[in-house]
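The chain contents come next:
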Amino acid sequence: MQYLSPTTIDDAIRLLSSQSGDCKVLAGGTDLLVRMRSGFAEPDSILDIKRIDELRRISRDAGGWRIGAAVSGAEMGEHADLVADWPGVVEAVNLIGSTQIQGRATMAGNLCNASPAADSVPAMIAAGAVARIAGQDGLRDIPVADVPTGPGKTCLSPGEFVTSIWLPSRPERSGDAYLRFIPRTEMDIAVVGCAVALTLDAGGTCTAARVSLGAVAPTAILVDAAADTLIGTTVDDTALDALARACSDAARPIADKRGTVEFRVHVAGVLAKRAAIIAKTRAGGAS
Amino acid sequence: MSKIHVTTTINGDPVEYLCDAEETLLDVLRDHLGLTGSKEGCGTGDCGACSVTVDGRLVCSCLMLGAEAAGREIGTIEGMAKGDQLHPLQQKFIEHAALQCGICTPGILVAAKSLLDHNPDPSEEETRYWLAGNLCRCTGYDKIIRAVLDAAKDMREAS
Amino acid sequence: MALDSKTDTKPQQFKVVGTRPLRPDGIDKVTGRARFGADMSAPGMLVGLVLRSPHPHARIRSIDTSAAEALTGVHAVVTRADFGPPSDPGVADVLDNCMAGDNALYDGHAVAAVAAISGKVARQALKLIKVDYQPLPHVTDVDAAMAPDAPALHEGRADETVPAGMSPNVMARHEFGHGDIDAGLSQADRVLERTYRTEATHQGYIEPHACLATMNADGQADLWCCTQGHYMVRNTCAAILGIEQGQLRVTASEIGGGFGGKTTVFLEPVALKLSQKSGRPVKMVMSRSEVLRATGPTASSSIDVRIGMTRDGRITAGFAELRYQGGAYPGSPVDMGSMSAFAPYDLENVRTVGFDVVTNRPKQAAYRAPGAPMAAFAVESAIDELARGFGLDPLEVRLKNAAREGTRASYGPTYPAIGLEATLRTAKDHPHWSAPLGPNQGRGVACGFWFNFGGDTCVSLNITPDGTVTLSEGNPDIGGSRASMSMMAAEELGIPYDRVRTVIADTGSLGQNEVTDGSRVTFAVGLATIEAARAAKREMCKRAAQVWGIDEDAVIWEDGAARPAGPNAGQHPPMSLAEIAAIASNTGGPIAGHFEVNAEGAGVSFATHMVDTEVDPDTGAVKILRYTVFQDAGKAVHPSYVEGQFQGGAVQGIGWALNEAYIYGEDGILQNPGFLDYRIPVASDLPMIDTVILEIPNPGHPYGVRGVGETSIVPPLAAVANSVSDAAGVRMTSLPMSPPKLLAAIRSGQS
Chain A
1 MQYLSPTTID
11 DAIRLLSSQS
21 GDCKVLAGGT
31 DLLVRMRSGF
41 AEPDSILDIK
51 RIDELRRISR
61 DAGGWRIGAA
71 VSGAEMGEHA
81 DLVADWPGVV
91 EAVNLIGSTQ
101 IQGRATMAGN
111 LCNASPAADS
121 VPAMIAAGAV
131 ARIAGQDGLR
141 DIPVADVPTG
151 PGKTCLSPGE
161 FVTSIWLPSR
171 PERSGDAYLR
181 FIPRTEMDIA
191 VVGCAVALTL
201 DAGGTCTAAR
211 VSLGAVAPTA
221 ILVDAAADTL
231 IGTTVDDTAL
241 DALARACSDA
251 ARPIADKRGT
261 VEFRVHVAGV
271 LAKRAAIIAK
281 TRAGGAS
Chain B
1 MSKIHVTTTI
11 NGDPVEYLCD
21 AEETLLDVLR
31 DHLGLTGSKE
41 GCGTGDCGAC
51 SVTVDGRLVC
61 SCLMLGAEAA
71 GREIGTIEGM
81 AKGDQLHPLQ
91 QKFIEHAALQ
101 CGICTPGILV
111 AAKSLLDHNP
121 DPSEEETRYW
131 LAGNLCRCTG
141 YDKIIRAVLD
151 AAKDMREAS
Chain C
1 MALDSKTDTK
11 PQQFKVVGTR
21 PLRPDGIDKV
31 TGRARFGADM
41 SAPGMLVGLV
51 LRSPHPHARI
61 RSIDTSAAEA
71 LTGVHAVVTR
81 ADFGPPSDPG
91 VADVLDNCMA
101 GDNALYDGHA
111 VAAVAAISGK
121 VARQALKLIK
131 VDYQPLPHVT
141 DVDAAMAPDA
151 PALHEGRADE
161 TVPAGMSPNV
171 MARHEFGHGD
181 IDAGLSQADR
191 VLERTYRTEA
201 THQGYIEPHA
211 CLATMNADGQ
221 ADLWCCTQGH
231 YMVRNTCAAI
241 LGIEQGQLRV
251 TASEIGGGFG
261 GKTTVFLEPV
271 ALKLSQKSGR
281 PVKMVMSRSE
291 VLRATGPTAS
301 SSIDVRIGMT
311 RDGRITAGFA
321 ELRYQGGAYP
331 GSPVDMGSMS
341 AFAPYDLENV
351 RTVGFDVVTN
361 RPKQAAYRAP
371 GAPMAAFAVE
381 SAIDELARGF
391 GLDPLEVRLK
401 NAAREGTRAS
411 YGPTYPAIGL
421 EATLRTAKDH
431 PHWSAPLGPN
441 QGRGVACGFW
451 FNFGGDTCVS
461 LNITPDGTVT
471 LSEGNPDIGG
481 SRASMSMMAA
491 EELGIPYDRV
501 RTVIADTGSL
511 GQNEVTDGSR
521 VTFAVGLATI
531 EAARAAKREM
541 CKRAAQVWGI
551 DEDAVIWEDG
561 AARPAGPNAG
571 QHPPMSLAEI
581 AAIASNTGGP
591 IAGHFEVNAE
601 GAGVSFATHM
611 VDTEVDPDTG
621 AVKILRYTVF
631 QDAGKAVHPS
641 YVEGQFQGGA
651 VQGIGWALNE
661 AYIYGEDGIL
671 QNPGFLDYRI
681 PVASDLPMID
691 TVILEIPNPG
701 HPYGVRGVGE
711 TSIVPPLAAV
721 ANSVSDAAGV
731 RMTSLPMSPP
741 KLLAAIRSGQ
751 S
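Residue numbers (the UniProt record's numbering), protein chains in the order written: chain A, 1 to 287; chain B, 1 to 159; chain C, 1 to 751.
One chain only, chain A, in its complex shape (with noise of 0.2 Å):
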């Protein structure tokens, strides 16, 4: 195997598209190095992409935030003005792992690891985030939800890897939640995801709203559905059981060793309903 640490996006596309074999890209390696500990992976080449320095860098962009894909989840989590922008997706990607793998996993990382209970994905699908992907043919932008395509698969090509994440501005009066549901408190991966964002008007009322949910399908979804029950409404106990229906009637599960079909889907709805409260609060609404 060999180990390649390019110091510009430059570099790295060349390099990455110079190899014959298996190159996987390094981030947090927080998923790669188990992957290849089990054997699940054995790859050619390793491209380390943490010696890049605009990759490790959170800056402001275009209203928004750019999050580098060598950022760690550690990093995220110190940066006071984004942690006020977009609470939900910084608690959902500080939710990954241990202290130990916030210090390397990246939400990039998470996102092109595609596994359908990764916690920063429905947060940023909700966020409306969008993904950088550097290739051969230069840069192109993506929205989030259209990275992952299944489990463990992703829509970017041989030769492509993602550079950064951008959170759109966070609207007036807007918060943004992700819970998950784990067995214990911490250490594991989540049974069931979900985050919502939301805007209020001065009144209260909510004028726009993205709910997402993380491991009821191949890939974490964006429920439209559920986005409408909150939407006109001042997010009362209606509109919450309203959200809590549709996200259930979205949830389309496996059984598995960590969880149940019903289970999933009862869940779905009540960690839904819970997230919306948190992030009514955050944009100011009454609770």
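Think of the hints as simulated: they come from the structure by calculation, not from any bench.
Careful, some of the hints might be misleading.
Stated by the list, open to error - Stretch by stretch, here's where chain B covers chain C in the computed footprint (C-beta under 8 Å, at least three residues):
hint: 1; region: 13 to 27
hint: 2; region: 31 to 45
hint: 3; region: 414 to 428
Please read these numbers as outputs of a predicted model, since none were measured by experiment.
Here a beta-carbon is modelled for each residue, glycine too, at the ideal position from N, C-alpha and C.
Add chains B and C to chain A, keeping to what the hints say.
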């Protein structure tokens, strides 16, 4: 495939080694450098027994390649005491009987020191969540948490 | 043997025992210097790896190792063909578990092993070994394995206790009890019948199995390994390899947890064989996945209970049928489960029947009070349900039926002084019992029992010329026992704790020592330590008598010094241990004491646990709010480590109750061989675990010590289940009470 030559700093000392590309930092520490204080309990980042710091950041050394350590500052359990002076956390772990078998102890100490570096006055809950990635099967964590909180108190009072 | 001192149960005054000194291995363990199983290396060492069956049950038609052997860097490949029949048929199953014979019996069963110059080459070599498997039907569930048409693992191996017509997977039947169950049940106001289930759990020690073996062509061998009993390792490996026990020296490394799981061998005979074949030292270390797939989890169980109770809380009869699967070989702990199920109670009519069942799972190994927690879960849940059904205080009901001194135990013997009642009364008076509970919160209690073991033990105590004391014992220190031994030696000799240094001797240095199991070490090794110290004191008194020119009977040992027994012995200033040691060479030579015993009188132990939980009715999540352990320690030698045992056992039980389980698919493959989905409790799952140490002296030990390590895992399964059932308003009879299972129960209870 030829080995990779890495120059790095471990516990303040300059260190050079050769490693295979797929070898983890934990493999390098244990098998090439004789630093066996970091333990492998799982190899998948689930137990924290291999905890080290990299440029001050707490990580699992089993989830990092040895090649990635080039130019970094690595901190392991072997660097925690200063000469014959134990770190207050080490002393408190002995005093509180916060270890039974002791296999998780190096990782927990490295993680606990990292906590106190970030937050000198953690609550019990903050301490429990910070250490959630460090499995201990012997103690039920009670005496570990007490030892960390007691060390934090002494360190605050001493500073 | 009977010791005169054993009957002395009057309260004793201690100077060292009962204090909390620092453990002697503390600095090594907080600095990373302590050497565990995987921390040793040897010049010229090879790396050994094991190839494991991907099938739950398969005939091994052939194994072709030629390509692996031809790979550059590979120095040895072994299969079962390299092992002859063991010299002791008693270890045949152990050998078969270490290296499969004709059949692979479970997912993860070892089928071959290689030794190569690096892990990388060894991994390549494993891929080059071609095994021709013929898959066979498999079974992993205990009740399914008992069905008459179940796939059979060992046709015709059932022992004579098994009635004709049962499934060939039933290996043994056990029965205990006395009285007349039907007559007793007829006196009850209510008879409760329930079936309870528990899943297999793993000991979950953080240190994977590891060893370093060197074996020469002449049969001399050295082995370094993490184990709970290096003498057991020596004897087992010698029998498997057909060498003499005295030719194999085993040194125990520091041990990173065991909890019963390191009371047998897995890698060691294979590493020795690889070393013999390659002529090089061979180191083997398991991965976590290997630990979970191929080393001993405990049994899973299915238990039917029938208990009759009067409306005032008197148990009129208790019956249980216990079915435990112990993996691919006979020997599940159903016998101990059957003996312990009703052990806390004074019952006129009691009977338990246990069935030992084999399935296509890894061979079970002992796990802390093996067999008892599942049995206690069933019985303590049933008693709780009956008590609550009558509106009675569950602690009162247990007190009313509690076993006491003189009670005939359900498994046969009559109890001497025991501590169950004291734990119950203390629990009832504790503020925890009367603290208010909020919505969705519940409180549960349960009792637990463990036998405690004694067994073969050797201790050697030597006085150095400068008057310090070295103590050699033959049991690995798994949780602070070096400290306890030093304390007991210091107590007996009347010297400060830090003047005694205890070491774990290798198998060449002492006689036979039983493994560290059955909570035996503080009791049995402690007893031997005290007697070794007494032997040394007798010798020191003799030396003093010689110096003083008086009769040795006229010298006594008091406060760390030899003194004339009375005025008739003459006026002589006391001679301290150090003074006697300094002149030992001139008074007859070095001074030592030693003691060898098959220790009896371990003294049973009881605990009562109390736990508050909160259940999220919308998700089935359970939070442990408060936990208190009340347990009889006989005499707590080092209270901090006694508390540690109480806390650790309680938390392992919490894991078993809530989230730990071996999960098998229909394909018979273990689905969760890692710490990600084999979910042991993490720090944020728990509150502080409060402990109350009770001290009802064990008449069988000079200081009254009872083992404390295992009893603490017996009550929590039931205590947590009783608490969760109280909080959720539904009775939970199946473990683990994972959120999906609990939520389903809550929702079906609502509808």
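Hint-by-hint comparison with the structure:
{"no.": "1", "hint": "13 to 27", "in the structure": "holds (count 6)"}
{"no.": "2", "hint": "31 to 45", "in the structure": "holds (count 8)"}
{"no.": "3", "hint": "414 to 428", "in the structure": "violated (count 0)"}
The structure fails hint 3 only (numbered hints given earlier).
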